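Visitor: Fit chain E to the known structure of chain B by using the hints.
Top line first, the protein sequences correspond to chains B and E. Counting in our numbering, the first sequence runs without a single skipped number right up to 1140 at its last residue. Counting in our numbering, the second sequence runs without a single skipped number right up to 1140 at its last residue.
I should point out that these hints are in silico values taken from the structure, not numbers from a laboratory. Among the hints, erroneous ones may be present.
It does not matter which identical chain is meant; a pair holds if it fits inside one copy or across any two.
Derived pair list, reagent style DSS-like, types lysine-lysine, alpha-carbon separation capped at 27 Å [claimed, not checked]: (1) K843 x K1072; (2) K911 x K786; (3) K1115 x K843; (4) K843 x K988; (5) K1137 x K843; (6) K866 x K827.
None of the values given here were measured: they were computed from a predicted structure.
Okay, here's what each chain looks like letter by letter:
Protein chains: 2
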Amino acid sequence: MKNRLSRHFFGIIRSLTLYFVFTLSPVVHAQTKAPDADAVFIDRIYDQSLTNGRCYPWLEHLCLQIGHRLSGSPSAAKAVEWSKSMLDTMGLDSVWLQPCMVPHWVRGKPEQVRVIGSKKSSSFPLAALALGGSIGGNVEAEVVEVDTWEQLEQLGVAGKLKGKIAFYNRPMDATKIRTFEAYGGCVDQRAGGASKAAKYGAVAVLVRSMTLRLDDFPHTGSMHYDSAYTLIPAAAISTVAAEKLSQILREQGHAKVSIQLNCMTLPDEPSFNVIGEIRGTERPNDIIIVGGHLDSWDIGQGAHDDGAGVMQSMDVIHILKTLGYRPRHTIRCVLFMNEENGLRGGKAYAMEAKRKGEFPLTSIETDAGGFTPRGFGFEGEEAVFANFYQKVAAFEPLFEPYGLKFTKGGSGADIGPLKSQKGLLSGYSPDSQRYFDYHHAQTDTFDKVNKRELELGTASMAALIYLIDKYGL
Amino acid sequence: MKNRLSRHFFGIIRSLTLYFVFTLSPVVHAQTKAPDADAVFIDRIYDQSLTNGRCYPWLEHLCLQIGHRLSGSPSAAKAVEWSKSMLDTMGLDSVWLQPCMVPHWVRGKPEQVRVIGSKKSSSFPLAALALGGSIGGNVEAEVVEVDTWEQLEQLGVAGKLKGKIAFYNRPMDATKIRTFEAYGGCVDQRAGGASKAAKYGAVAVLVRSMTLRLDDFPHTGSMHYDSAYTLIPAAAISTVAAEKLSQILREQGHAKVSIQLNCMTLPDEPSFNVIGEIRGTERPNDIIIVGGHLDSWDIGQGAHDDGAGVMQSMDVIHILKTLGYRPRHTIRCVLFMNEENGLRGGKAYAMEAKRKGEFPLTSIETDAGGFTPRGFGFEGEEAVFANFYQKVAAFEPLFEPYGLKFTKGGSGADIGPLKSQKGLLSGYSPDSQRYFDYHHAQTDTFDKVNKRELELGTASMAALIYLIDKYGL
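Okay, chain B solo, but in the shape it has when bound (with noise of 0.2 Å):
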């Protein structure tokens, strides 16, 4: 009985506790919703999105079903007729694939990168990717690790580079909050290291992967060569194999490697961006967008790597267009190709805007992952982004219960051509802390996705676009 009552007795203990906890509770992004009809509004986009929302199946069906798909590929062909074939079900106004021609760089037999020890058994290999936009190539050579631009010179003034693998191992800097900023600190070792390295007789080079995780997946990348010095190899190496070739570099002095490339660049290939709208009502000709890119490098599922803008950026009209707004601005989704390996789609998109005298009046990029929304970046030209953020700043306040805060400062790769045509220019930005884990690497699959992190996103952008074309900027 004793046991009863104090069963009872916590089972009190315990209800309060759930009470204040979960009833009173922290709510740090659920405040008392403002009644007013902008905010009775923003409700129901983030209820649709969470409860009907079509992001994640079609996530899930571009991932497993499609998967990878870089520019020029036969599945980048097939995403893009899938992708166009979903905006055609909606009842837009019009859905229309833009052409452009875009770079076909293929990886080939997968690339070996290997310690070369003094006997067989002494030999072993390192996880590797080549960069895209590599040559390939089969190199042996000795090693030589550089850390900083400053160090690299010092080596190659001094002809120690000459006939050697160069080594990049400058890593992300753990300490920076924001993941983007730590990658913006080392990525250029790999986009423009190889002919750094190859001014001085470098012969190839190997690349510390762009992650914070000491993990043996190695994450891939854009890079491009300098037409003033010699092409050479380049390959990037997962943070494990990079710990352990510079510890023998540490220990023995020396380490020699082999490293074959079997990738090569194609003749450019036509493809598409894929386009659906809403026309507007009163002012057809101001566009407002919502997009990310379509192609992905070519492991992996690109799921947050853009699988998940696209689709955001599809769900958003979808939502829009069912709950019947109808907008006084185009709005306009815009499912970019070859942002990662060479912009072709991204260009292309400005150029005929530009072309058929479109103003676009915002342009939202979602090309930071799926994750959990944090808020929006905000930039534009010079001259015009004070006023335009002034206006749009005045809906922060609308977000505060979804717990997003905007920004002045960055946007997206896709849309960035559009900047000098005057509008303004936003980045959708989720929590960042996951992104590099996977972010061009094998393990950027589907799995990695959360729903309703992925829905949150995609109601931001609609609310904002809401906000924007019903108040103008």
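Guide: Just chain E now, kept in the frame of chain B:
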């Protein structure tokens, strides 16, 4: 050549894009940091956590070497011993075990819940877990679905629950932005549903799992009996099982289910809270607590609930110690025992604090998962709270660079019994979107926790403690 030049051009565009995206950039939670002493020290705390944090490897040990640790189990005892041994290495002023008697409920052989068809071939299992605290038993009966308490009463009064299995199928509300609110809206079915149905003659209850996901993992959790009614077996079934069972009831008008639970409650066992402290130099009797709960349910690894919180709590005190911080008040890390099914540790702690005449200046609980930080909730006795909150709210701007907000309301179950002792209570509040995907299920494992998200939480709590200690309340 043209191709090389265009690559080079692309390189420039890409670099510019990276410059805008990553350097000028959104920075939702990384503003320019104020150069004053507090901001500098808080920066040091975050840097220390993100580069030398211990919480993640500790959590790995707790999850993978010790595993789940229900109160009274051998693994709970092992967790007590191991976590004390970790605190012992830190050079704290005191480390001790605080005794408490805990309930000892055991699951026994795996439970079986089956839909019984007319033929043997049409019988099939439903994924189920006995609720913590349930009696064991074998029941075979028709199922009646119940979605609201009003419906329960109507069915009960009409005699339609007599001899039946009540099936509570009210789901979590997906439109709540904060998932704890959705949980709070239906956990009453799990906590008290058995006795409420027993009152009308039901012979067992099945409860839809408390999760927003549609999957086949059942989620257990505590339940309690009202001693006025017959004790009947209670189990959770997965959301997929709940949907299936509901569909059968809709389509066939009835369904028979067999339930076999092998669980039982054994006599109470001795156990412990694990405590370590740095003694205050000025006001040693004023205590600042950071804590979570060491026990978990008996499935999965209790990674987010609440391995994350206890390892963060240990690391908070470890970081302050490592940085050589000498506190004015006593800073104490408390790993509470038995939050899940009894709160005995929390009650024992509060009783002992009162006996010793301590003042619980601030108690922070971290028991909402190891996800990315969103803020802190605060509460306290009505008479003292307004004054406390005004003072603590002055610290909020220092957390802006890290993306945290302060809100009124909410703390934690373990520190609840301290409320009457008139200190400030706080709940660390990480992002809630993924929490109930794993909560009390076999999927709550180490791999679901992100290292940086965990470390950022640790740093946030250490920073809050630093400020409260330095300025008082």
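Visitor: Could you run down the list of hints and mark each one as holding or not?
Guide: Hints versus structure:
no., hint, verdict
1, K843 x K1072, "both (19 Å within a copy, 19 Å between copies)"
2, K911 x K786, "within (18 Å within a copy, 61 Å between copies)"
3, K1115 x K843, "both (23 Å within a copy, 22 Å between copies)"
4, K843 x K988, "between (40 Å within a copy, 23 Å between copies)"
5, K1137 x K843, "between (37 Å within a copy, 26 Å between copies)"
6, K866 x K827, "within (12 Å within a copy, 85 Å between copies)"
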